[in-house]
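Novice: For what it's worth, our numbering labels the leading residue of the sequence shown as 118, then goes sequentially.
Because the hints were derived from the structure by calculation, they are not lab data.
Some clues are possibly wrong.
[What the hints assert, rightly or not] Only pairs whose alpha carbons sit at most 16 angstroms apart, straight line, appear in this in silico EDC-like list of lysine to aspartate or glutamate:
id, residue 1, residue 2
1, K321, E153
2, K172, E312
3, K184, D174
4, K187, E312
5, K214, D244
6, K246, E312
7, K321, E296
[Said to hold, decoys possible] FRET-style restraints, in silico, Cβ to Cβ:
id, residue 1, residue 2, range
8, N238, D324, 40 to 48 angstroms
9, E296, R257, 34 to 42 angstroms
10, K150, V279, 27 to 35 angstroms
11, K214, I175, 39 to 47 angstroms
12, E296, R270, 16 to 24 angstroms
13, T266, N170, 23 to 31 angstroms
14, T266, E296, 44 to 52 angstroms
Fair warning: this is a prediction, and the values are worked out from it, not measured in the lab.
No residue lacks a Cβ here, since even glycine has one placed at the ideal position from N, Cα and C.
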Amino acid sequence: MTKSKIAFSIAAFFSICLLSLTNGFAQTSPTGKQIEPSYEVVLQTLVASNNTNNKPDIPQTLAGAVKKLKANYSYSNYRLGATFYQRVANTGTIELKSVTNEAIPNQERNFSIFSEWTLHNLQTLPDAKGQNSIQFQSFRFGQRIPIITSSVRDESGKTNSVVNYEQVGLTIQRCSLAENVPTVIGSLSTFNPDELMFLVLTVKTAD
C-alpha cells in the first residue's frame with residue numbers, strides 16, 4: 118500500500134470517528150430549556166364588621182376562610198371587598214397598582230383609595246410531608262388612604278378640603294401555603310373604625 122493510500126485511509130478513519138462523536142453529542146445535548154410551570158394567583162380582600170345593614174356577600178370558595186375567621190374574631194358580617202387575578206411563571210414577580218372600588222364620602226366629593234401589591238419569587242417546593250406547597254419570598258400589600266387635614270375657603274366663599282394621602286400596608290418575608298386553598302395571610306384596618314380587612318391569597322398551578 119502506498120503512502121498516499123495509507124494517509125487517505127487514516128484521514129477517512131478520523132473523519133468517521135469525528136462525525137460519530139458529533140452525532141452523539143447532538144443526540145445527548147439538550148435542545149433547549151424546559152418551560153417552567155405557571156400559576157394563577159388570586160388575591161381577595163374580605164371586609165369584616167358588625168354592620169347589620171350589609172348583606173353577606175361571600176363566594177362559596179371563601180366559606181372555609183370566613184369560618185376560621187369567625188372562630189377567632191367577633192365580627193358578625195363579612196363582605197368581599199375586591200378580587201385581583203394575576204398569572205405568573207415559576208419564580209416570577211407580580212406588581213400591581215390600581216384604584217379600589219371603595220371611596221371615602223365627603224360633602225364635596227368622594228375621595229378614591231389606591232391599592233398596590235407585589236409578590237416576589239413564587240414557586241412550588243415540597244413540604245415536610247413530601248407534598249407540594251406554594252412558597253414566596255416576599256409579599257407586600259399597601260393602600261393610600263385620603264386624610265382630610267384642613268379646609269380652605271376660595272374667593273367665591275366655597276369651602277374646599279385639603280387632603281393628604283397616607284400609606285398603610287403590610288409586608289411579609291417568606292411564607293408558604295397549601296396549593297389551591299384560600300389562605301388568610303394578613304389583616305389591615307380600614308378608614309371605618311369598626312371594620313377590619315383581611316387578605317386572602319389563593320395560588321394554584323395553571324392549566
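Novice: Each hint: holds or not?
Specialist: Status of each hint after checking the structure:
For a cut-off of 16 angstroms, the pair hint linking K321 to E153 stands: about 14 angstroms separates their Cα positions. A C-alpha spacing of about 15 angstroms is found between K172 and E312, which places the hinted pair at or below 16 angstroms, so the restraint holds. Restraint check for K184 and D174: satisfied, since their Cα atoms lie roughly 14 angstroms apart, inside the 16 angstroms limit. With a C-alpha separation of about 14 angstroms, the suggested pair K187 and E312 falls inside the 16 angstroms cut-off, and the hint holds.
Only pairs whose Cα atoms come within 16 angstroms are accepted, and K214 paired with D244 is rejected, the gap being roughly 32 angstroms. Pair hint K246 plus E312 does not hold up; C-alpha atoms about 38 angstroms apart against a cutoff of 16 angstroms. The suggested pairing of K321 with E296 holds, with an alpha-carbon distance near 5 angstroms, which does not exceed 16 angstroms. Our hint of 40 to 48 angstroms for N238 and D324 is violated, since their Cβ atoms are close to 22 angstroms apart.
Separated by about 22 angstroms at the C-beta atoms, E296 and R257 break the suggested range of 34 to 42 angstroms. Roughly 55 angstroms separates the CB atoms of K150 and V279, a value that falls outside the hinted 27 to 35 angstroms. In this structure, K214 and I175 break the distance hint of 39 to 47 angstroms, their C-beta atoms being roughly 26 angstroms apart. For E296 and R270, the hinted distance range of 16 to 24 angstroms is not satisfied, since their beta carbons lie about 58 angstroms from each other.
Look at T266 against N170: about 30 angstroms separates their beta carbons, and that is inside 23 to 31 angstroms. Between T266 and E296 the beta carbon distance is about 45 angstroms. The supplied range of 44 to 52 angstroms therefore holds.
Violated hints for the displayed structure, listed by number in ascending order: 5, 6, 8, 9, 10, 11 and 12.
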